[in-house]
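There are 2 protein chains.
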Amino acid sequence: MIGKLIIKIRKCDAPIVAGLDPNLSLIPEKILDNAFSGFGETPKGAAEAVWEFNRAIIEALADVIPAVKPQIAMYEQLGLDGLEVFRRTVNYCRKKELIVIGDVKRGDIGSTSEAYARAHLGSVEIGSSSFVPFGEDFATVNPWFGTDGIKPFTDVCAKEDKGIFVLVKTSNPSGGEFQDLLVDGRPVYEYVAEKVNEWGAALMEGDYSNVGCVVGATYPEVGERLRALMPHAFILVPGYGAQGAKGSDIKGYFNKDGLGAIVNSSRGIIGAWKSDRYASFGPKRFDEAARQACLDMKEDINSNK
Amino acid sequence: MIGKLIIKIRKCDAPIVAGLDPNLSLIPEKILDNAFSGFGETPKGAAEAVWEFNRAIIEALADVIPAVKPQIAMYEQLGLDGLEVFRRTVNYCRKKELIVIGDVKRGDIGSTSEAYARAHLGSVEIGSSSFVPFGEDFATVNPWFGTDGIKPFTDVCAKEDKGIFVLVKTSNPSGGEFQDLLVDGRPVYEYVAEKVNEWGAALMEGDYSNVGCVVGATYPEVGERLRALMPHAFILVPGYGAQGAKGSDIKGYFNKDGLGAIVNSSRGIIGAWKSDRYASFGPKRFDEAARQACLDMKEDINSNK
Chain A
80 MIGKLIIKIR
90 KCDAPIVAGL
100 DPNLSLIPEK
110 ILDNAFSGFG
120 ETPKGAAEAV
130 WEFNRAIIEA
140 LADVIPAVKP
150 QIAMYEQLGL
160 DGLEVFRRTV
170 NYCRKKELIV
180 IGDVKRGDIG
190 STSEAYARAH
200 LGSVEIGSSS
210 FVPFGEDFAT
220 VNPWFGTDGI
230 KPFTDVCAKE
240 DKGIFVLVKT
250 SNPSGGEFQD
260 LLVDGRPVYE
270 YVAEKVNEWG
280 AALMEGDYSN
290 VGCVVGATYP
300 EVGERLRALM
310 PHAFILVPGY
320 GAQGAKGSDI
330 KGYFNKDGLG
340 AIVNSSRGII
350 GAWKSDRYAS
360 FGPKRFDEAA
370 RQACLDMKED
380 INSNK
Chain B
80 MIGKLIIKIR
90 KCDAPIVAGL
100 DPNLSLIPEK
110 ILDNAFSGFG
120 ETPKGAAEAV
130 WEFNRAIIEA
140 LADVIPAVKP
150 QIAMYEQLGL
160 DGLEVFRRTV
170 NYCRKKELIV
180 IGDVKRGDIG
190 STSEAYARAH
200 LGSVEIGSSS
210 FVPFGEDFAT
220 VNPWFGTDGI
230 KPFTDVCAKE
240 DKGIFVLVKT
250 SNPSGGEFQD
260 LLVDGRPVYE
270 YVAEKVNEWG
280 AALMEGDYSN
290 VGCVVGATYP
300 EVGERLRALM
310 PHAFILVPGY
320 GAQGAKGSDI
330 KGYFNKDGLG
340 AIVNSSRGII
350 GAWKSDRYAS
360 FGPKRFDEAA
370 RQACLDMKED
380 INSNK
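These protein sequences, in sequence, are chains A and B. Mind the numbering: the first sequence is residues 80 to 384 in this note's numbering, read in order. Mind the numbering: the second sequence is residues 80 to 384 in this note's numbering, read in order.
Hints are supplied without guarantee of correctness; some may be wrong.
With a straight-line Cα cutoff of 30 angstroms, these simulated BS3-like cross-link-like pairs (lysine-lysine) come out [unchecked claim]:
hint	chain 1	residue 1	chain 2	residue 2
1	A	Lys-274	B	Lys-230
2	A	Lys-325	B	Lys-83
3	B	Lys-353	B	Lys-83
4	A	Lys-274	B	Lys-274
5	A	Lys-353	A	Lys-83
Hints are computed from structural coordinates only; laboratory data are not their basis.
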């Protein structure tokens with residue numbers, strides 16, 4: 080799957096993933112009103128508004144970026160209707176040939192991680208039939224349980240040609256409380272990075288592994304160091320835009336081949352129409368604002384690489 | 080909510096939680112056949128089998144134990160139908176006055192943890208109405224993101240009288256890869272334990288906090304040490320039974336008041352009918368086997384306290 084992602088990145092010349100994290104405050108009033116008048120002020124109404132919003136965004140972005148990253152929490156908070164729209168969104172993106180990174184941050188003991196791996200990357204046997212629950216291409220995974228919490232995911236990746244991104248160093252302010260603790264002079268996240276190499280060794284496709292990692296854009300010097308420590312891991316980089324990082328902060332996350340990182344922006348893309356910079360698009364052209372934000376982000380990142 | 084849990088534990092005289100983790104291999108053939116003949120070999124058929132199984136188990140256990148812990152991964156792997164049964168199970172347990180610990184192990188950056196906290200412990204505003212997505216009483220939470228990933232959960236706990244259990248030291252074999260790394264001579268999990276105290280300080284009910292922790296039964300000496308380090312945190316203890324721990328291993332997880340821990344068994348209870356010890360119940364009386372397994376577990380734990 081990492082090979083497919085690389086082909087798409089090259090084709091678009093854009094190492095960019097759009098975070099589909101639609102909380103209701105990012106959705107134009109007209110879409111909300113329409114959905115609520117059809118389905119009431121209900122979870123179903125809210126979920127349908129999310130769907131209409133996503134659909135327009137996906138259509139506007141499908142030829143300029145390689146991948147999207149729906150954040151499942153935003154759908155889970157709308158209950159079953161929200162999760163139905165999560166699945167509909169994943170299916171629609173795949174139809175539009177966008178790679179889908181399920182931002183699910185799952186992780187548990189082995190037997191439970193097996194269920195999560197099947198849920199998001201694999202399939203489930205029911206009697207004599209087989210069923211694909213959510214069907215993302217990649218999933219983000221939490222490393223706290225160590226190897227036996229990760230192995231069920233890498234097993235499914237090997238079988239189904241899928242990939243994972245392991246949370247090595249997160250972008251949030253308190254991410255360092257445990258991740259940065261020093262063990263014999265080296266931060267805990269470097270120990271996770273070593274395991275990422277180990278977990279990914281058997282899942283190489285060309286120069287890169289189907290086991291990638293997450294390293295926040297908010298710590299550029301850490302990004303550079305982790306780039307060197309994990310030469311074959313693709314880095315999924317959150318923290319660009321709304322969380323504060325710019326193209327110049329991300330230079331060190333790429334390898335010399337110009338690859339090795341894919342940068343996420345969520346609010347900065349799907350909420351662009353609400354920002355001063357793209358205000359001229361107005362709420363009716365929120366999808367075009369998102370497209371322009373992607374093109375500008377591409378320029379910012381590529382000119383700094 | 081921790082106060083309610085303690086009242087229930089005292090009433091049942093059983094510091095026990097039954098893990099409702101029904102993978103299909105634990106469900107008697109007759110229930111599967113019935114569900115498949117009604118709904119086909121489909122996710123809906125599998126989910127309805129899980130529901131029939133859960134319903135019987137819940138009815139058999141409701142007066143002997145205080146709480147249940149559905150593992151959401153087992154439902155998530157059955158897609159939307161599975162998650163609908165997860166919600167139905169939560170509602171049914173609450174109707175039967177069982178405390179529900181949602182074993183969801185969620186955790187993310189602040190704004191995303193907010194959505195997870197609403198999804199599992201809180202409610203969501205949609206227009207002028209309010210909606211409860213899944214409505215558990217407690218949730219298990221992953222600490223990897225540090226304080227700002229936890230705060231949205233504790234905020235909801237304060238507002239809605241709910242609780243969380245933070246993963247301090249997990250029961251699986253490779254849990255120690257990162258959790259046991261030594262920082263100035265002390266394992267990382269002790270740093271997490273200190274934060275559990277900090278996060279829980281404002282959420283006390285009597286002697287215990289609504290911020291509890293997870294410490295696996297598979298490391299008794301660690302349990303004893305963590306008991307002392309977090310005097311006000313209730314410990315949710317996985318690892319009993321199928322994972323290998325016995326009542327005598329858990330003694331040190333309790334405080335002098337006889338409280339402070341609640342021990343989980345999943346397969347050991349709901350899959351009891353498949354074990355040699357309870358084979359005489361047969362597949363028809365799987366629910367009675369589960370009840371007997373709870374009574375025996377209570378005896379084993381209480382006689383060792």
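Status of the hints after comparison with the structure:
| no. | hint | in the structure |
| --- | --- | --- |
| 1 | A:Lys-274 / B:Lys-230 | 29 angstroms, holds |
| 2 | A:Lys-325 / B:Lys-83 | 49 angstroms, violated |
| 3 | B:Lys-353 / B:Lys-83 | 33 angstroms, violated |
| 4 | A:Lys-274 / B:Lys-274 | 25 angstroms, holds |
| 5 | A:Lys-353 / A:Lys-83 | 33 angstroms, violated |
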